Each structure stands twice: as C-alpha cells, then as structure tokens.
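> Given the coordinates of chain A, work out where chain B should sit on it, guided by the hints.
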Amino acid sequence: MTVTADHTGPPEADARVIEQSWTQPERFAAIFERYFSQIHQYLAGRVGGKTADDLAAEVFVVAFAQRQRYDLARGCARPWLYGIATNLIGTHWRQEQRRYRALTRADARQVTPSDEDLVADRVSASAVGPALAAALAALEAGDRDVLLLVALADLGNGEVAQALGIPYGTVGSRLNRARKRLREALGGANPAAGQEAEQPHE
Amino acid sequence: MNEPRKSNAMDELDAVRQLLAQPPPAPDVVGAARASLEQAGLVSGPGVPPVHLNGGRHLFGLGGPAAPHRRWRRWRGWLAPVAAAAAVVTVVAVSVAISGGIQGHHPVRSQVSVPGIGKVPRYFVALTGGNTLPDEGQRAVVVATATGAVLASIAAPRPYRMFTEVAAAGNDRTFVLAAQRAAPVEPGGPMLNGVGPAKLYKLVLSRSGKSATLTALPTPLVTGSIDGFALSPDGSRLAVSLQPTTRLVRPGPAPPPRGARLLVFTLATGAERQWALPGIGWIGANKPNPRTVSWADDNRTLLFEVHRGQGGPIANLRLLDTTAPSGSLTAASKRVPIPSEDISGHVENPPMSLGEPLLLAGDGTKIIGTTGVVTSHPAPDHNRRRSLKALHELTGAWEGLHVDYARHASRTVIQQAKERVKEAAVKYRKYQPTYTTVVAVTEVSVRTGKPVQVLGRRQVSGDVSEWPLWTNSTGTALIIAGPAPGTTQRNQNIVLGIQAGNTFTPLPPGVQSFIGQSPAW
Numbered sequence: 001m002t003v004t005a006d007h008t009g010p011p012e013a014d015a016r017v018i019e020q021s022w023t024q025p026e027r028f029a030a031i032f033e034r035y036f037s038q039i040h041q042y043l044a045g046r047v048g049g050k051t052a053d054d055l056a057a058e059v060f061v062v063a064f065a066q067r068q069r070y071d072l073a074r075g076c077a078r079p080w081l082y083g084i085a086t087n088l089i090g091t092h093w094r095q096e097q098r099r100y101r102a103l104t105r106a107d108a109r110q111v112t113p114s115d116e117d118l119v120a121d122r123v124s125a126s127a128v129g130p131a132l133a134a135a136l137a138a139l140e141a142g143d144r145d146v147l148l149l150v151a152l153a154d155l156g157n158g159e160v161a162q163a164l165g166i167p168y169g170t171v172g173s174r175l176n177r178a179r180k181r182l183r184e185a186l187g188g189a190n191p192a193a194g195q196e197a198e199q200p201h202e
Numbered sequence: 001m002n003e004p005r006k007s008n009a010m011d012e013l014d015a016v017r018q019l020l021a022q023p024p025p026a027p028d029v030v031g032a033a034r035a036s037l038e039q040a041g042l043v044s045g046p047g048v049p050p051v052h053l054n055g056g057r058h059l060f061g062l063g064g065p066a067a068p069h070r071r072w073r074r075w076r077g078w079l080a081p082v083a084a085a086a087a088v089v090t091v092v093a094v095s096v097a098i099s100g101g102i103q104g105h106h107p108v109r110s111q112v113s114v115p116g117i118g119k120v121p122r123y124f125v126a127l128t129g130g131n132t133l134p135d136e137g138q139r140a141v142v143v144a145t146a147t148g149a150v151l152a153s154i155a156a157p158r159p160y161r162m163f164t165e166v167a168a169a170g171n172d173r174t175f176v177l178a179a180q181r182a183a184p185v186e187p188g189g190p191m192l193n194g195v196g197p198a199k200l201y202k203l204v205l206s207r208s209g210k211s212a213t214l215t216a217l218p219t220p221l222v223t224g225s226i227d228g229f230a231l232s233p234d235g236s237r238l239a240v241s242l243q244p245t246t247r248l249v250r251p252g253p254a255p256p257p258r259g260a261r262l263l264v265f266t267l268a269t270g271a272e273r274q275w276a277l278p279g280i281g282w283i284g285a286n287k288p289n290p291r292t293v294s295w296a297d298d299n300r301t302l303l304f305e306v307h308r309g310q311g312g313p314i315a316n317l318r319l320l321d322t323t324a325p326s327g328s329l330t331a332a333s334k335r336v337p338i339p340s341e342d343i344s345g346h347v348e349n350p351p352m353s354l355g356e357p358l359l360l361a362g363d364g365t366k367i368i369g370t371t372g373v374v375t376s377h378p379a380p381d382h383n384r385r386r387s388l389k390a391l392h393e394l395t396g397a398w399e400g401l402h403v404d405y406a407r408h409a410s411r412t413v414i415q416q417a418k419e420r421v422k423e424a425a426v427k428y429r430k431y432q433p434t435y436t437t438v439v440a441v442t443e444v445s446v447r448t449g450k451p452v453q454v455l456g457r458r459q460v461s462g463d464v465s466e467w468p469l470w471t472n473s474t475g476t477a478l479i480i481a482g483p484a485p486g487t488t489q490r491n492q493n494i495v496l497g498i499q500a501g502n503t504f505t506p507l508p509p510g511v512q513s514f515i516g517q518s519p520a521w
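Chains as they are written, first to last, in my numbering: chain A, 1 to 202; chain B, 1 to 521.
FYI, nobody ran anything at the bench for these hints, they're computed from the structure. Honestly, I wouldn't trust all of these hints.
[As the list claims (entries may be wrong)] 35 Å max Cα-Cα, derived DSBU-like pairs, lysine-lysine:
1) A:K50 x B:K210
2) B:K418 x B:K430
3) A:K50 x B:K427
4) A:K50 x B:K422
5) B:K389 x A:K50
6) B:K418 x B:K450
7) B:K450 x A:K50
[As the list claims (entries may be wrong)] If we take Cβ atoms under 8 Å as the criterion, some of the chain A residues that face chain B in the derived model are:
8) F36
9) G49
10) A57
11) F60
12) V61
13) L103
14) V150
15) N176
16) R179
If you're wondering where the values come from, they're calculated on a predicted model, not measured in any experiment. Glycine included, each C-beta is placed from N, C-alpha and C at the ideal position.
One chain only, chain B, in its complex shape:
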C-alpha cells in the first residue's frame, strides 16, 4: 500500500522542505539523547536490565525519572509468545507421567492469607526458562497460587525443546500446552525462539494434587504463528488463533498480514474446525499480547478480537458460535458494537479505551476489561528551557562520572561524581509532570457495547495500566496484573493480585516472579 509519491510532486512540498530544512543534530545532542535513553533503561521495570549504549558503558546505581508516558498504555510483552513456524515435521505422540515433582506440597488452604484467595484457582501453569535456561528451553511449571510454590516442572517431550503457549480450563486441574522446537535468537545465541509446528499436550493435575500427567493430544500439528490460545471452561475444546509465519525469517520488508485463521479443536477426537479472516489483518489483541480469545461458560461461544488493515487500525470484538461450520470468520461471527477506537490502540484519548486482554463473562452477555483515566499534573515550576538545561546538566554529570571511571579515579572522586549525578537527577525530575490514574475493571454489554458496571476501581500514582488475566463467571473475583498499592510514579511496581470489588490484594511474593511468564489460571 505504500505507494511512492508522484515524481511530479515538485512544488509546494519541495517549498515546505526547503523552508523547514534542518541540519543533522550535533554530536552533543545525540549524546544527550543517548543518555536519556540509558536513563529510561534504568527505570524500565523490575527485572529488566538497564540499557547500555556505546559498547556497554555502565551507569552506576542511578535512579532516574520515569520515561514520559502520555497515554493510557495497554500492552506489555510479558504475555508475549515467542513463536515462529516454518516446516512440517512428523511427531509421535508421547505420554509422560510426572510423579515426585510435587513432593513437599502442602495443601495451600492452610497457608491462606490473601483475602479472596479461596475464590481463585489454586494452581496455575507458567512457562519459565528463557534466559535462565537457554539449553533446556522453556519449561512448564505448576505453581500454587496462594504461595508461589513450584509443584512440578515439566520439560517439553523430545524432539520439542520448549513450551510456547499455555491455557487453563475452568476446573483448576486441566491445562493445554503447545510445544515447539527451539532455535537461537541469533547465531550462537541462547535457544529462545519456538520454531516449527506446535504439538499440543494436555496436562492434568491429579485430584489429590500430588501428581500430574502430560499426554499428547490427538490434534493435528498447529502450523503458524499463534496469537491466541484459550481452553474452554470444561477443558474439552481449544481455540487457537494464528497467522502464517513469515516475519523475522527472511530478509525484505514484512508483507501485510494475511491468512489469519481461528481454529477450534475438539480435544477428545482431534477434530478441527477453522474459520479464515478475509483480507489484511490478524486475530487477537494488538501484538504482542495474544490473549483476547475467551470462552463463555457454555463452552461454545467464543470472544475474539480482530484487527483489520495494514497495521491493524480497525479493531473489532466478535462473538463466534463455535458449533458453526468452518468458513469465513467474519460471516460466521457477530460484531460486538464497541467502537474500534476503544480497542485499537490507534487513538490517543479514546472515550473508553478498553485494556486487553478482554475476558468474556460466564454467561456470555458481558465483556470484562480494564479502563483507565490518566490525569497529568504539570510540575509546579515547569519550564521547557530550564528542564532542558537540567537534562544537559544531568548528562554532563554522567559524562563526568564516565570519565572518572575511565581514568580509574579514586573512590572518593567517584563518590563525588555519583553525588553530582544524583543531585542533577533530582533537579531534572523537578520539571517532569506527575500523573495519577484511576484504573477500573469494567463490564461492557455485548449487546450494546456500552459499559454496564464497574466491578472495581482505584486510584494510583503514575500513568499505569492493569491487565485482567482471569475472572470468575461473574467478575466478582479477578486475577489482575496491576500496580501494587503504594506504587509511585518513579517506582512503578506491577504485581499479580486479586481484585474483589474495589480491593486489590497482591498475591504472595513467590507468585510475582511468574508475572512475565505467561501465567494461565
């Protein structure tokens, strides 16, 4: 669609070019910008290493102002799939009994301390590994929600190397996993990327909670890049949305996304239905968040999201009766009348801005999502010029510190340089605006597309978002990834917690380490 401009466009456009032409930025400007990006890397969130530019220069324990966020943000990569697929391979189904992995497991109810813990599933499955287990691939771990205790750790059966998707049924015991082969992110790098067709496995915890069984499902291999992955509440059917994989594999510009499909497998038989999305677009949330595919309690009605057009600017939520025959996805499903701008992420300040993933309430009549209203409070003595000057002072102080390190200055000199950096950082922060956000979990009618009820609401510091990961049928108990109580703009702390009404209670610290690891309840 990117047509080159007409070559006869020599006229007012060229005049504009001449009028506004500017020389390239001076080296010190580039240096200052690098420094502010490094600074952003330092505050980019828990567990995220800082950015170092210019061959790994180090910044030393410096806090800094949060990156400027000007809008309600909805997506983070911690639900991101690492999927890519190419060739077809034949795989023999395997069955692995897992026992002994749950040794030392105590009934979690005896350790209950989080309000509402009895209303949420006792177990979840997360995908761990990644950077820490480059040679073993990504494993599936069964975790107790109340304690964070790892009850079992399961490697993908060979020839697969990693689990790349996981979804949970509503019975707290049944999960489906997708396993793929692995490839290094880059030649010689760690084995991180799931490649090739995905094989589906069912993981069932025993009723006593003392053993788990992994069984290969009789479903066909899933070929493509998986965007959505959801198990029906009764565990009988799996919905998978996917797209042909072309990206990141061959050189050249990525073609417009076409050929997205929604598959529904009947797990007992391996039977498959599939619906194709016509035209350019994809199924699922705005990438990389893959989770807006959600079942109603009838195990039949499926909520999913469609992004149409290059870049996906037109977003629809749709409901599919999965007993319908295979065919065109748009013909088989019905649009929920929520305006595109409220879900597309392409509009700066949409009226409702529903955060993803979106969940379908048990009876299928309402959608549960998060909304947020951000208020910006300019710094009392904000002044662009002074702010810029302060930034330059800060970057100057940094440079000084780097020089001191480079010349192996004494500990005292380096300490003084660090103090200067800290002072400059405090001064710079003075000019930065502050934000408060009212985050709410909202129910929206699938019939009218209008909000019908706020299930929970709270005000937090900073420009922050939250994400609903699980809900009970009525939305009275949810598991949310959201800002911890007492979080501040500078030190935003996103945690997994239980939202019941207006009360948000973080889950125990042991659970928090799974926040970036596709936890599925």
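This is chain A alone, in the form it adopts within the complex:
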C-alpha cells in the first residue's frame, strides 16, 4: 500500500531537509516529492479522488506554512503529514460520508466516478464492500482516523499517536474498538477467508 514515488532520499533525512527549508524554502520540494503520492492515496481512499486532488495540495501548503513548527527530533515526516491530512479530512466529513454511502450501494461501479472502477472490481469479488463501508461510516471519527491511518497509511501505533497527537495507549484502544465494530458489521466473518467464521482476536 505504501507508495514512495520519487523517493529521493532516506526518510530519516526529513528532519534535516525541513530544518534546511526554514532558511531555504525550496528545500521543501524534497518533502513534496517524497510524500505527495502516498498522502494523495490516503486522502483519495477517504474522500475520493477528486476532493483528494485538492486536499493533498492543501496538506503540503499547510505543512510548508508550518514547517518551522516541525519537531526536528522526529526524523521522519510521515506522521506529521498524515496528521495534517487527517485534520483536513475532519473539515470534509460530509464528503467522506458521501463516499462511504456510495460504496454501500450494491454496485459501486454505477454510482461512483471512474477512478473507483478498480475498487469496484475488488470489492465485488469479496462482496463485503457495502457492509464494510456502512460500518466505516458509522465509526466514531476518532476511531476511524486511527483505523484508516493504520489500514491505508500503514502507520505503526506510535506513528499514529504522533500524527493525531494522542497517547500511545489511546491508539490501541481506538484501533481495537474500530476493528471490533467492523468485524461485527461483517457478521464476525473474516473477509479474507471467504465465509468462514472467525473468532475475534481481541
């Protein structure tokens, strides 16, 4: 899931690049090239491709404006950028809800823009898409943020805590709660294992 298009250097150099960008703003271009694609995909997953185009651009504009606030002790900028992205989604929750509603329809292909064709193929194969989308829509916003940062952005729990500015322990409890809700919505089935019933892990 993680895409590192135009990855021009090791992520641990992010802090250094950002510090340099304080006095040499053009350095920030490296952060853009390194992370734009993955931030866009995360946003597109949540609010759809068209809105994501705009929001992903906003993430980097906001990050640039706030680059002097970046905590240089954090070597990697991913959690910071995903935190900004998640905050921006918060202001577009209606859009996100609309996307989930669209995905709850039996045939997502007919009701969603063409950039979701790929999704529709995969979802129809598992046939759990509508139930899953409805469950996602019903999650508490904070729980959904954690779940999707883990699922879509592939952040570890510690990175999620950094991104959202919440305690490490809270990440775990929110993630557990969100996953439990989704499993319940799927009838306790493991969607990756056909219709075979599965006991919850936690």
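Quick look at chain B alone, frame taken from chain A:
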C-alpha cells in the same frame, strides 16, 4: 514505540484496504499541487524567498492567496536556535574590549516617537549573519530599541565562529551569549550550524552606552542542544535547558528524545546545578521555539515548560526553586495546573491555547502569554467544485506563462500571460475563506492555572498569532512580535511592537529587520 502491526492482521484491515484502495495521482494532479505549493512559497512572509520546484522554475511577481491556516498557530522559527553539539574541546577564556563600535551613537531618548518606548529596555542584542555572512558566522549586534541603530557588532572570539544563543538581564546592560564553532549546513554550503560545546560570554554595555565589554565566563562548556536560555533579572544566574545532541548527525531514525537537563549557572563563580528530566521528553517550548524559560524578579524562581512522551504530546508548565539541590527535575519542581492541551499544540481547538514563549510576571504569581480566537468566514459563494476548477485554471495559466517564457515569447505575449495569471488568481481567491483573530495578552495564575486578567486585546484580519518577547514586571508594557495594525489576511505583516493595554505600536522600521534574529531584551 512504533511496533509493527501483527502479521495476522489480515482481515477487516485488509478488507478496508481493498475497499478504499486508490491508484496513484495522475501527473497533472501532482503538477497542480506543486503549483499551489509554489504559490504558498510566494506568500510565506516577508524576507522569505519563494519556493521553486522542478529545478528552479521562476514565478514572476505574482501575489496569491495565503496558505490555508485552520488553527491558532503558535510557533515560528524566527527564534530558532541552530545548535548541535558533539565533541568536547578545550578553550582558553578570552576578553575582548569593544570600543569605537558605538561611534555616532546618540542618546535614543531624543528620538523617542513610539508611545511606551520609555517603558521598555533601551537596548537589545540580536544574532545576525546567517545567510548574509556565511564566512563570518553569526555575530551579536547591540541595537537601540527606539531607532534600530546598530551600536556595536561583535564576532565570536576564535576558535568559535558564531553566537548561537543570547539572553538579557533586567538592567538593560548585561547579556549572556553562547558561542560555538560552525559547520556548513551541507558539504560546500554556507557555514550556518553551530556545532560543538558552547562557550558562555558576558556582554556588558558601559553605563554611558559608549562601549561594551565581552568577557569569557568561568562556567563550564555547555554540551548539548540548547532549547532554553534565560538570564536572571539581576544578571547573576543563567538557566539553560538542553538535550543530548543526536539529531541530524548520524543516519538512521532519530531516537526518542531522552536525557534533557536544566542547568543553572552562577556566573560569578561558574558553579552549576543541574536537574535531569526523567523519561522521554524535552524542556522548553514545542521546538523550534526555545524561549519558555523565564525568571521571576526574585532571581530564584524559574518557569519552564516540559514536553513528555514521544513527540511531546503531554505539556506541563513547572516552577523550580533554583536553590534546590541538583537531582530530578520533576521532583524538584512544581506543576502549574494548566491543562496540557492548552500548551501542547497537539489539540486542534483547546480552550485557552496559550501561545509561547511564556513569561513569568515579576512577582512569580502569574504567567503572561498570548491567546487567540480565530473566526473563519467562508467565502460567500464558496463551492468546492468551483474552487477546484478555479485552482486548475490558475495552474493552467501558470503553465502557460512558463511555456511563454520557455519559448522566449515577446514582451507583449508574456504580459498578457501574466494578466491571465493575475485574473485566475483573483478568481481563485474568491473561494477562499477569510479569518479574523482576536489576539490577547493574558495573565494566568500559577496557583489555579486560570486566566486572571487580559492585559491587552485587539482584533486583526487573518488567522494570525503573536508572541510576547519581553514584559515588565507587571505586564503593563510588553514587547510583542505580532500582526501590524492594518495587516490583512493576504498580506500578513508580523512586526515587533510595544503593547501597552490594548494599544499595539510597531517599533521603528530599523528594528524590524531583527525580527528573525533572536532579539533579546
């Protein structure tokens, strides 16, 4: 703390991944985003060069909408230290008499025109150089507050190359400076980074104001990354908060910040006390702003800020009696009951959101900080789709301009292309929300953690912040970095000024050039 997820997490998480998976963005989307970032670079503030992506393409004199700010922002880098330390070196103390540097200095009182100027210190010291003096390093300059006139310019004594920290006493004449060696930011680049242990110097202006003396202090070298640097009002003691330096030096992920210490030096003898912060965290404000270390008039009580945990989400303000024996910082100090969310910067809309740096009022019973309430006003005809379309038109117009330049089009054609860009920018701005902010300087009780008084308040356009840099003992006169009167959302102008009650008066233009240079009063 970043545990990898369990490998058996194949189930609902994977289903979510499949459901929401999206292809990578198309090249034109990436291009449009680049353009909006470039645009942000153009409006990122006075003195900040624009961002150019893609190998230095230029944008030509175009204004643009301000970057979208959605929250009360508190930190800017203009108080940023450039410190890093590694090995220990031995240094012989030096003493440098500075004379002749204050030639042509006229008593500033004769030039007083700013209301309240008589209530603030007559001199400040700033650290200049950086980009403009790559080979000389960062110098300390003594500046007249009322005029901006540079009265003296002092280079760090060899082997040091730059001053990296400065703090002022309360007598308007005594300053302490930290000097470090320099290293290039990158191989072959300008010498900008302070490296190695810091040597402390005292700078004293003569009573007549006509000479200044720089003297090496008998304190030990300070090894580490300095976060906070504050001189007691009587100039006898220096508080330094620091952290072991590991960042930006060796490859690999930065380890969680540990080992933060608060040092207090008695300058006359060089005696040192130190308190260690247990666990993960740092002392000082949210980086890079280093200044929330502040003394009370008793020259004994010290206010400082602690951020705990990875990324510092838990923030406390604490008071330390610096006559206490060395030991654990948390055991030796007392927490001020202000909720973490009001100072941590990790919460979107905290109830009080105290802006840093925070200052301790003279009697030690109150903390002075800034607060702000931002109100967003959506554009009357805001529409996401139309807004996006306008953005695309704008980026299209830019691309057209670049093409015209690339093919060396005639001046007329380029002028027309510029006009198209301007029109598109105006159209795009129409969809952007506007903001107003009520900024206030607020006094908070150290006993209750509650606001007790608003010392000054004003409403300004835009989503803006302000920063208190100096206060008198009672908070009736402050030096603030804040939005100039008449600043607009599109053209935010942060200036140094005097706040007395609800009146904010900018200091003269000559002073404004020191806004990013760690001015210390």
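> With a cut-off of 8 Å on the beta carbons, see whether F60 of chain A makes it to chain B.
holds (5 Å)
> Given the proposed pairing of K389 of chain B with K50 of chain A, does the C-alpha separation stay at or below 35 Å?
holds (11 Å)
> Is the Cα-Cα distance between K418 of chain B and K430 of chain B 35 Å or less?
Answer holds: K418 of chain B to K430 of chain B is near 19 Å, not above 35 Å.
> Given R179 of chain A as an interface hint, is its Cβ closer than 8 Å to any Cβ of chain B?
Holds, about 5 Å.
> Under the criterion of a CB-CB separation shorter than 8 Å, is V150 of chain A in contact with chain B as hinted?
holds (7 Å)
> Given the hint that K418 of chain B pairs with K450 of chain B, does the C-alpha gap stay at or below 35 Å?
violated (53 Å)
> So if I understand the rule, the pair passes when the alpha-carbon distance is 35 Å or less; does K50 of chain A with K210 of chain B pass?
Violated. K50 of chain A to K210 of chain B sits at ~65 Å, over the 35 Å cutoff.
> Hey, K450 of chain B versus K50 of chain A, does the alpha-carbon distance stay inside 35 Å?
Not satisfied, since the Cα-Cα distance of roughly 45 Å exceeds 35 Å.
> Is the interface hint satisfied for N176 of chain A? The criterion is a beta-carbon contact with chain B at less than 8 Å.
Violated, because the Cβ-Cβ distance from N176 of chain A to chain B comes to roughly 11 Å (cut-off 8 Å).
> Holds or violated: the hint that V61 of chain A contacts chain B, with Cβ atoms closer than 8 Å.
holds (4 Å)
> Under the criterion that the straight-line Cα-Cα distance not exceed 35 Å, is the pair K50 of chain A, K422 of chain B satisfied?
Roughly 25 Å separates the two Cα atoms, so the pair holds.
> The hint names L103 of chain A as touching chain B; please verify it with the least Cβ-Cβ distance against 8 Å.
holds (6 Å)
Checked against the numbered hints given earlier, this structure breaks hints 1, 6, 7, 15; the rest are met.
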